[in-house]
Structure formats: C-alpha cells, structure tokens
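> One-letter residues, chain by chain:
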Amino acid sequence: MVKKKRLLNNAATYGMLLLWALIVLFPLYWVVTTSFKEIGDVFRGPRYIPWVDFIPTTEWWYNIWTVQRRMLLGPVFNSLVIATSSSLFAVIFGTMAAYGLERFRFKFGHMKNKDILLWIVSQRVMPPVITALALFIMFHFAGLLDTKLALIFVYIAAHTPIAVWMMTNFISQLPISIEEAALVDGASRVQVFFRIVLPMVAPSIAVTFLLCFIFAWNEFLLALMLTGGRTQTLPLLIAAQHFQRGPQWWDISVLVTISIIPAIILVVSLQRYLIKGLIPIGK
Amino acid sequence: MSVHDVANAKKRKQRATGFSEQRTGRAFLAPTVIILLALTILPFLLTIILSFSRVTFEGGGIQLHFAGLANWSRLFADERLWNAFSNTLILVVFGVSVQFLIGLGLALLVNGKIKGQGFFKVLFLLPMLLAPISVGYMGRMMFDYGRSPINDFLNRVGLEPIGWLISGDVALLTILLTDTWQWTPVMFLILLVGLQAIPKEYVEAASIDGATGWQLFRHITLPLLASAVLVAILFRTVEAFKVVDIIVIMTGGGPGLGTESMTLFAYIAGLRIFDIAYGAAISLTLFIPVLLGIGVFLAVARRYRASTSG
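For the protein sequence lines, the chains are G and W, in the order given. Going by numbering that gives the first Met the number 0, the residue at position 271 of the first sequence is 270; the numbering climbs one at a time, nothing skipped. Going by numbering that gives the first Met the number 0, the residue at position 15 of the second sequence is 14; the numbering climbs one at a time, nothing skipped.
Calculated from the structure, these hints are not laboratory results. Ideal Cβ placement from N, Cα and C applies to all residues, glycine included. There may be inaccurate statements among the hints.
Straight line, CA to CA, 30 Å or less: simulated DSS-like cross-link-like pairs of lysine-lysine [as the list claims (entries may be wrong)]:
(1) W/112 / G/4
(2) W/114 / W/199
(3) W/112 / W/199
(4) W/114 / G/3
(5) W/114 / G/2
(6) G/4 / W/199
(7) W/114 / G/106
(8) G/111 / W/112
What follows is a set of in silico ranges between Cβ atoms, one per label pair, in the way DEER data are often shown [said to hold, decoys possible]:
(9) G/114 / W/85: 52 to 58 Å
(10) W/287 / G/13: 44 to 50 Å
(11) G/189 / W/61: 40 to 46 Å
(12) G/198 / W/160: 58 to 64 Å
(13) G/39 / W/33: 55 to 61 Å
(14) G/117 / W/21: 20 to 26 Å
(15) W/155 / G/9: 26 to 32 Å
(16) G/271 / W/63: 32 to 38 Å
(17) W/77 / G/13: 33 to 39 Å
(18) W/61 / G/76: 27 to 33 Å
(19) G/9 / W/287: 18 to 24 Å
Some residues of chain G that are not near chain W, with every Cβ distance over 10 Å (derived) [to be verified]:
(20) 24
(21) 48
(22) 79
(23) 84
(24) 113
(25) 174
(26) 181
(27) 205
(28) 258
Given the sequences, and given the hints that come with them, work out the whole structure.
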C-alpha cells in the first residue's frame, strides 16, 4: 500500500517535471527545426518531425553564410564588441567596489557600507526607459548617438550593480587572514587586491562576466533607443526582420537560433556556479 | 636630524598612510559610484526636468523650454496612459503570481530526490538567458493563427483555433503566457537556492516526529524559505514592470492598443512620435508604481517577519 503510494507519487513528480521540460523544449525545438524547413513546409501547416513530415533543407543556413553574411556579421561584431567590453568594465568596477565594501569602512553622511551596497544594487530598480530618453539627449550633445561607445557606457552602468551584488557575495566568503598577513609583510592594498584577491576570485569573476555578457548580448530597448543604422546590434537585426519585410520564418529561425547559442553554452557549462553564485539569500 | 624630527616624520607618515588607506578605499568604490551617478542618477534627474519642458529642434540642435505642468496635465487626461498602465499592471500581478507558483512547484520537485536533477536544472534555467526578442519570435511561431503547433493541437482535440495574437480578448493573455515561459526560471532559481540552504536535519526531524507532506511544507519549509520568497517576488515585480521586448515582437502593442505596456507607450511617444518631453513624463509615471510596490511589499514582509519571530 505504502509502496504503491510512493510509486504514484514518483509518477506524478516525473510527470510534472517532464511536462514543464516539454513546455520549455518545444519552442526551442520548433525554432531550430523551422530553420531547416522549405517555405512550403512552413506555410502548409505545422510539420513536426524531420524526414517524416518534411524533408529538411540547409538552404537558409547556407544562404545566411553566403548571400546575407555581410548583413549578419556587422551586427554580430557590434554585439560582440559591445557586450565584451561593457561586461569587462562592469566586472572590473564591480569587483573593485565589492572588495572596497567588504574590506573598508565607509561613512558618507549617514550611509554606511550596507546602505552603499543597497544604493548600488537598487539602481536596477530604475526602468531603463526612464533614463533612455534623457540619455538620448545627453548622447546627442556628446556626439555619441549611434556609436558603440554609447551602448558600452550604458551597459556598464546597467550591469555594474549586478557585478557588485555577485562579487560581494563571493568576496565575503574569502578568508581574510591571507590578506592580513600580506599587509603585515608590507604589501600595499593595491598589491593585495591584484596579487591575492583577484586570483582567488578568478572563477567567480568569470561567472559574473559571462552573465553580464549574456544580458548585454540580449539587450534590446536601450539599443533601439540609442543607436540607428550604424551600430545595429544582433537583437536589433532580428527585430528588424519583422518590421522590414514581414515574417520570413525560415530566416528568422536561423537568426534566433544563432542568438540563443551563447545562452545555451553558458547554462550548460556553468549551471553549478550560476545556482551557487547568483543569490546570496538571507544576507 | 634630531630625535624629535624623526618622531615627527614618523607621525606624519602614519597620518599619511591612514589617510591613504581611506583614499584607497574610496578609490575602489569610485568607478562604480561615478558611472552610476553619471548614467543613472543624472539622466533620471534630466528626465524629471524634461517632463516639465517643451523640446524643440532647430538647426540640428535640441532646445529645452520650460513648459510647467503642460505634459503632466495632458498625460493624466490621456486615456492611452490608463490603458498602458492597466495592461502593465495585469502583466505584473498575474505574471508574477503565476510565475511564483510554477517556480515554487518546480523548485520543490527538483530539490527532491530525483533522477536527472542536473538536466532539469539546466533546462528550467535556460529561458531566462535567452534574448527576449528571440523569445518573442518563438512565441509568435507557437501562437500564430493558421499554422501554429498550439492551434494545430487544439484542432486535433476537437477545439476551435484561437486568435492568440489577433484577438483583443486574448492577446494580453498570450503575452502573459510567453512572459511566464521566459521568466519562471528566475523564480525557480531563487527559490531553489533558498530550498538548498535549508538544513536537511530540520525536515528529517520533523518527519520523524510524524509530520506529513503538507505539514512539513507549511510549518518547516515555508517559514525557512520566507526570505527567498521575498527576494524572488520583489525582484520579479521590479523587472515585470519593464516588460516591452516580447510585446514589440509579438503584437507591437496591438491589436489596437490591447497589449501596449508603459515602456512601449513611452518609447512610441518619445522617439517615434518624437515628443521627448511627453515620453519623459510617461516614463516617470512608471517609477511611481514600482516604488509603491516595493514599499508595500517590504512593509508587509516586515510585519510578517515580526509576527513569526515575535
């Protein structure tokens, strides 16, 4: 009786897990298979299984690699440059601030370390559209509209709070005794930071960097508002597919598949660190 | 050099290192503080100024003129504001609730003794890392009227197809479903971390004392999970108010204005109709419910904490 109940329980557990797994997987499956479908197969109603419902074609992938390569490479290059450099600075600034907050005592007015951390992290509360219109005007006067630099600046500001949040969590777990020993031996703070702290948190820095990178890689609204034709990023290119010529699902599917590859690599390779590192509960 | 001089020099040096220690600390904080002041706080203040201005363009330049409350009085009489506001609020309230319940359920299931835990974790986290633009396209392909898998499924089980994206009655629901697909992982992640932080002994001890599944959950797990629940709901609420990307792709705010969110409204007014000052006023109204929501939620949470600990 008890055994039967447990079996039933197990079945229900796996049933629900598999149901959600199916819900998550199916749209991904759909977009990947659509990138291999003939136009006719897309428009003649849903075709599910390759070689059964439809004969897959590599035409669209080939097409994007030959005819449309220039259209694709510019935005991919822009996205790579912007996401890489903004995340790099966000992580550097974030690590510095996190180290400062963990190892020094601050007092600005009535703000102490905890308040400063809260102030930094709370910047994420601001909906980006509020700052975007003002940034549009600021960048207009600075001559930075429609440049990579504008987006790099904005993404540094957007992602530094995340980096501070994550790195504070990581640095707080370091033993302080090694640093103290080095300080007693006459090393300066800066030396301690570069020679001792950075090597110890290097894996955490990598995780934080990759997460910031993904967020910058995916970002749409600020890119839409602050750039034009010269600095198109990959999300803008993908969004434009629909505005420019109506949905050509096969091409869109290729682009969407390309856009989700970094996320898939990240989550598969880093799932352990992501879960551990992201949220310091109860701090 | 006298002894006195040496002592003085030492003192001076000490004072100098103490001072430089403070300066070093500030130097570590400086880049973060500066960039946030320059690119978040300053634009925020400028937006406030913009909302009381009239913006003109002459000779390629932008001029601001003081316009008093003109933008604001126009805005509060604008039905489009209330439409966008209620759409956003519906997405926030229902979206966050549904995502919380599913996320909690999944976290509890995955945290149990199951096979393939790693696989489920990876899969359940994945959607939150995808570009919302791409998720929007996936949503469109799933919900399209004629050829979509979902309507095909409905057809096969003998139901009428639904105009998920073109019918004014359900378009907002479609956005909500897509939003849930993408953002339930955030809830799942935060709650799973919270669950994993609960010492196993607590649960074991209680179950030896004869507590059953629901009792365990209600009296052991849930109270210990409270801070994770708080973080999860707060975080998602703040983020949910910003919803725009998937709407742009899936419906463009339509049919009519049926799915227009606050952010989309502010963007269209500010940079498509190019009334930047009006857009600034719209975007600022988004800040009020965000702050209110946080305030109310923290107050409730504090009371709840006081009642459980006291």
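> Against each hint, give a clear statement of whether it holds in the structure.
Each hint, compared with the structure:
A threshold of 30 Å between alpha carbons decides the hint, and for residue 112 of chain W with residue 4 of chain G the separation of about 16 Å falls inside it, so the pair holds. Restraint check: the Cα-Cα separation between residue 114 of chain W and residue 199 of chain W comes to about 19 Å, which is no more than 30 Å; the hinted pair holds. With a CA separation close to 12 Å, the supplied pair residue 112 of chain W and residue 199 of chain W stays within the 30 Å bound. For the hint linking residue 114 of chain W to residue 3 of chain G, the alpha-carbon distance of about 19 Å falls within 30 Å, and the restraint holds.
A hinted pair counts as satisfied when its Cα atoms are at most 30 Å apart, and residue 114 of chain W with residue 2 of chain G qualifies at roughly 18 Å. For the given pair, residue 4 of chain G sits about 23 Å from residue 199 of chain W by alpha-carbon distance, which is consistent with the 30 Å threshold. For the proposed pair residue 114 of chain W and residue 106 of chain G, the alpha carbon gap of about 50 Å is over 30 Å, so the pair is violated. Taking the CA atoms of residue 111 of chain G and residue 112 of chain W, the gap is about 43 Å. The hint is violated against a cut of 30 Å.
The hinted window of 52 to 58 Å between residue 114 of chain G and residue 85 of chain W is violated, with their beta carbons roughly 35 Å apart. The supplied range of 44 to 50 Å is met by residue 287 of chain W and residue 13 of chain G, whose beta-carbon atoms lie about 45 Å from each other. Separation of residue 189 of chain G from residue 61 of chain W is about 43 Å and conforms to the stated range, judged on CB atoms against 40 to 46 Å. Taking the beta carbon of each, residue 198 of chain G and residue 160 of chain W are about 59 Å apart, inside 58 to 64 Å as hinted.
One distance hint, 55 to 61 Å for the beta-carbon pair residue 39 of chain G and residue 33 of chain W, holds here, with the actual separation near 57 Å. Between residue 117 of chain G and residue 21 of chain W the CB atoms are about 22 Å apart, so this pair conforms to the stated range of 20 to 26 Å. The hinted range of 26 to 32 Å is satisfied by residue 155 of chain W and residue 9 of chain G, whose Cβ atoms lie roughly 30 Å apart. About 51 Å separates the C-beta atoms of residue 271 of chain G and residue 63 of chain W, a value inconsistent with the hinted range of 32 to 38 Å.
One distance hint, 33 to 39 Å for the beta-carbon pair residue 77 of chain W and residue 13 of chain G, is violated here, with the actual separation near 51 Å. Remark: the range hint 27 to 33 Å for residue 61 of chain W to residue 76 of chain G is upheld by a beta-carbon distance near 30 Å. Look at residue 9 of chain G against residue 287 of chain W: about 48 Å separates their beta carbons, and that is not inside 18 to 24 Å. The claim that residue 24 of chain G is not at the interface with chain W is violated, since a C-beta of that chain comes within 10 Å of its own (minimum 7 Å).
With a closest Cβ-Cβ approach of about 12 Å to chain W, residue 48 of chain G is found to remain outside the 10 Å limit, as its non-interface label requires. The beta carbon of residue 79 of chain G is kept farther than 10 Å from every beta carbon of chain W, the shortest such distance being approximately 14 Å. No Cβ of chain W comes within 10 Å of the Cβ of residue 84 of chain G; the nearest lies about 14 Å off, and the non-interface call holds. The Cβ of residue 113 of chain G lies farther than 10 Å from every Cβ of chain W, with a closest approach of about 14 Å, so its non-interface assignment holds.
Interface exclusion of residue 174 of chain G from chain W stands, the closest Cβ pair being 19 Å apart, more than 10 Å. Once the 10 Å rule is applied to beta carbons, residue 181 of chain G is consistent with being away from chain W; the minimum gap is 14 Å. For residue 205 of chain G, the condition that its CB be more than 10 Å from all CB atoms of chain W holds, with the nearest at approximately 16 Å. The Cβ of residue 258 of chain G does not lie farther than 10 Å from every Cβ of chain W; its closest approach is about 5 Å, which violates its non-interface assignment.
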